[in-house]
Amino acid sequence: MPSGVTRCGLLFVLLLIAACSSVSREYRQEAEPRVDFEALKSEPDRYIGRTVILGGYIIETEITATHSYIHVLQTPLDISDLPGDRDQSRGRFIVRSDRYLDPEIYAKDRLVTAAGSVLGSRQVEVGTRTLVVPLISGEQIVLHPDYTRLRERYYEGPFIPYYFDLYPFYYPPYRF
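Just so you know, the sequence shown maps onto residues 33 to 208 in the numbering used here.
Please note: incorrect hints may appear among the correct ones.
Derived CB-CB ranges, DEER-like [said to hold, decoys possible]:
#, residue 1, residue 2, range
1, E62, H99, 34 to 42 Å
2, T162, R78, 15 to 23 Å
3, R82, P108, 14 to 22 Å
4, D130, E92, 14 to 22 Å
5, E157, P135, 29 to 37 Å
6, T160, R122, 39 to 47 Å
7, E58, T162, 16 to 24 Å
8, H99, R78, 35 to 43 Å
For the record, the hints were derived by calculation from the structure and aren't laboratory data. Ideal Cβ positions, reconstructed from N, Cα and C, are used throughout, including at glycine.
With these hints in hand, go ahead and build the complete structure from the sequences.
Right, dumping it as structure tokens:
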């Protein structure tokens, strides 16, 4: 039978894991059970109205008179909803927002996680091919910081101008 210390420790770990997510609890509960991206990509009309949480790397941000569209290269999300390696991508999706999203802020290669309902699909031109990609509403859009810019240079002295990272495993993909 677990002791009180074990129960408190388990509760602390569960609260810590729940607090690490970048998406609000409301959207996380609505998105359960999670939709597989392959199924969403093949039949987006089947999931219209369903809440999903997707993430990846921004390809481009398109502005129209009424909406902003973020074209995203999908990647699997980790436990804290941070997009993973782009080599594991299964395709693209588009996030539609009613707000103006500045293309300089929502720039190419930034990490983004979006929660919202599936609106259907949209055709996009990629080179000479036309792809049909899922379209979701951007009810909650989380733009993750650029971790490569957080690193600072450390100089030992005026004669040793070498780069030295004090915490090499603090940044993704090593950080949990």
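In rising order, the numbers of the hints this structure does not comply with: 1, 5, 6, 7 and 8
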